[in-house]
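Visitor: So the protein sequences, as listed, match chains A and B. Residues in the first sequence are numbered consecutively from 1, following the UniProt record's numbering. Residues in the second sequence are numbered consecutively from 1, following the UniProt record's numbering.
These are computed hints drawn from the structure, not numbers from a lab. Worth double-checking, as some hints may not be accurate.
The list cannot tell twin chains apart, which means a pair is met if one copy fits it or any two copies do.
No farther apart than 27 angstroms at their CA atoms in a straight line, the calculated lysine-lysine pairs in the BS3-like style are these [unchecked claim]:
(1) Lys-207 <-> Lys-226
(2) Lys-90 <-> Lys-207
(3) Lys-154 <-> Lys-124
(4) Lys-190 <-> Lys-229
(5) Lys-124 <-> Lys-190
(6) Lys-178 <-> Lys-2
(7) Lys-190 <-> Lys-16
(8) Lys-154 <-> Lys-229
(9) Lys-357 <-> Lys-229
(10) Lys-319 <-> Lys-14
(11) Lys-26 <-> Lys-190
(12) Lys-16 <-> Lys-178
Since the model is a prediction, treat every value here as computed from it, not as a measurement.
2 protein chains.
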Amino acid sequence: MKQVIDFVKANLEKEKQPAHALGFGKYFTDHMFMMDYNEEQGWHEPRILPYQPLTMEPSSMVFHYGQAIFEGLKAYRTPEGKIQLFRPDKNIERLNFSCQRMSIPTLDEALVLDAITQLVTIEKDWVPSEEGTSLYIRPFIIATEPYLGVRPSKRYKFMIILSPVGSYYGGDQLKPVKIHVEENYVRAVKGGVGHVKTSGNYAASLKAQEEAEAQGYDQVLWLDAKENKYVEEVGSMNIFFKINGEVVTPELNGSILGGITRSSCLQLLDYWNFPVSERRISIEEVFEAYYRGELEEAFGAGTAAVISPVGELSWNNQKITLPPSETETIAKRLYDAITNIQLGKEPDPFQWTVEVK
Amino acid sequence: MKQVIDFVKANLEKEKQPAHALGFGKYFTDHMFMMDYNEEQGWHEPRILPYQPLTMEPSSMVFHYGQAIFEGLKAYRTPEGKIQLFRPDKNIERLNFSCQRMSIPTLDEALVLDAITQLVTIEKDWVPSEEGTSLYIRPFIIATEPYLGVRPSKRYKFMIILSPVGSYYGGDQLKPVKIHVEENYVRAVKGGVGHVKTSGNYAASLKAQEEAEAQGYDQVLWLDAKENKYVEEVGSMNIFFKINGEVVTPELNGSILGGITRSSCLQLLDYWNFPVSERRISIEEVFEAYYRGELEEAFGAGTAAVISPVGELSWNNQKITLPPSETETIAKRLYDAITNIQLGKEPDPFQWTVEVK
Ligand SMILES: Cc1ncc(COP(=O)(O)O)c(C=O)c1O
Ligand SMILES: Cc1ncc(COP(=O)(O)O)c(C=O)c1O
């Protein structure tokens, strides 16, 4: 039986910002989706209501024991004015994967898609149309039971909020980023929760990010926690290298997040018959390839910026620069292919997009 | 200049529960402490106000990126009716240590002690007097800036809430616990945040704890993440073994929490000239000691239960039981010494207690 989503309309509409002022994650739309969980009723009362503050007990478990997961995807406006989502099924699947690892009751995936679609439909005027803009969709779950003691919460809130956004890194698309390979701090380890989109992973990453920024870098590249040797991922992007004609990206080893942009890149490369491998790759191998003249490209892939070419990489007191390529890069080719599908400018051979009507 | 803490009295007093109904972390007192941080004012407006729900933006960073830390300590009622805190300076120091690692602005330690003392004074009637009861004090900090994007929050709330508690594990004091040595999941790794009291560590531990409970165990003993070999700590306790007359506990290696009960045990053992060492210890060594007949005791140490003797330990399909000792154990001796100091039943040679007047 399909669950009906209740709707309470906001009395006032907020003013919308011009595209150049959007930034990322600063403005929120007029409505939000909410659904609650308790042991008696399971997930219940799906509803769209005016965007508003939450009333939270100070002892809400999320504040103390961090049981919180989230997703991030985008709705795009096509040149014809249609609105479409990019691979929402993958985000919803990952949301439930995160639930499982974090001992949170899973959601009905069809209902979540319905919730996203209905909410975006209601907020359709909030989907910006300028180059590089989109409506960022943030589904998240937090533990709300008022209780102090380490065990899974018995109450949760699942919410979806929407934010019209410009470019995540505040600059041009495909602007190269400077990356610092982190040698002291680690992000995650196998057996932990690095492969899950849970809030604590991000809190754990802040210090390294801050220190890297203080030294003039944009982002941190994490190495594996066991040997401090193998490349894992960047802040909120998976990492790719092009070495001697082949694209290489770290395999999903249980400590890195399985990015949806990553999987889209892999699928496209395959489709193009471009040599690609998912495997363990050490940072030493990357630097050696550079010194041999075989490191042709490095780039990050994630929902926020889609593709971010790496312009500079520092590790172990060595700094290497990857000059902008004269010829078309694979980074640019992937960026164009993915954004053209997202924006409905090109056919969508994989049926990645879902139109919001 | 000493900061003045504002006070707004609650209109109503809640009903207090009888000692046997307290449990742990379920009931909260009539007032709470709160202080806010923003970039312009730093930490400001320290105040004690009626215990009440918080108003939180859905985009509050704590919900998404998990920037949250906490502490846990207790106020005890002595036989003469005095109220005293146990080593609050150590908790406040650790709170600031957690701030630093989690990119949260640190607090004025004297002000925090003042806040705890004033709040407990106001709530003095909430400090229970029955055996095994106390007033649990939960200072915590959460990121409150409404923003989506991975960077440290620019706004925080520091709060203190109080909960009258019975025994954490719901049973008798010194009741032996059954412990499962975890081989699949890990809690923390060097370079991460395992040595910090941040919410994400606890969320990451839930799955293993659930699975262990389903098999009949009370708690999980974590091994190191790199080699899955060395003993780290239990859920919310540090672990101690007595092997052939010597007490051994894992050294603070950057991935385990530096417990205040742990440090109190070490100090007492030293004071008693009891052989003790802080060092790396493998789970294999523990089991081998058992098979040689040299594993005399195992126990956990933490604020909640003070000392919890381990009655059963399972690892790698081997289950060993440590029968209750006929003679006085070191676990019991430590438990008595610490609780007698906490409750003011014995002199306090280390000046661990602070009276709340
Ligand atoms: C840690 C981490 N890695 C990788 C990614 C990229 O994933 P996706 O392509 O699904 O956005 C993200 C962002 O979502 C992330 O948070
Ligand atoms: C992970 C962890 N280890 C150990 C401890 C014991 O620390 P303490 O003795 O300060 O309570 C705690 C509880 O505070 C904890 O959460």
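Visitor: Evaluate each hint against the coordinates.
Guide: For each hint, the structure was consulted:
| no. | hint | verdict |
| --- | --- | --- |
| 1 | Lys-207 <-> Lys-226 | both (19 angstroms within a copy, 22 angstroms between copies) |
| 2 | Lys-90 <-> Lys-207 | between (30 angstroms within a copy, 23 angstroms between copies) |
| 3 | Lys-154 <-> Lys-124 | neither (35 angstroms within a copy, 31 angstroms between copies) |
| 4 | Lys-190 <-> Lys-229 | both (14 angstroms within a copy, 14 angstroms between copies) |
| 5 | Lys-124 <-> Lys-190 | neither (41 angstroms within a copy, 46 angstroms between copies) |
| 6 | Lys-178 <-> Lys-2 | neither (48 angstroms within a copy, 45 angstroms between copies) |
| 7 | Lys-190 <-> Lys-16 | neither (43 angstroms within a copy, 46 angstroms between copies) |
| 8 | Lys-154 <-> Lys-229 | neither (40 angstroms within a copy, 33 angstroms between copies) |
| 9 | Lys-357 <-> Lys-229 | neither (48 angstroms within a copy, 55 angstroms between copies) |
| 10 | Lys-319 <-> Lys-14 | neither (47 angstroms within a copy, 63 angstroms between copies) |
| 11 | Lys-26 <-> Lys-190 | neither (34 angstroms within a copy, 34 angstroms between copies) |
| 12 | Lys-16 <-> Lys-178 | neither (33 angstroms within a copy, 58 angstroms between copies) |
Hint violations for this structure: numbers 3, 5, 6, 7, 8, 9, 10, 11 and 12, all remaining hints satisfied.
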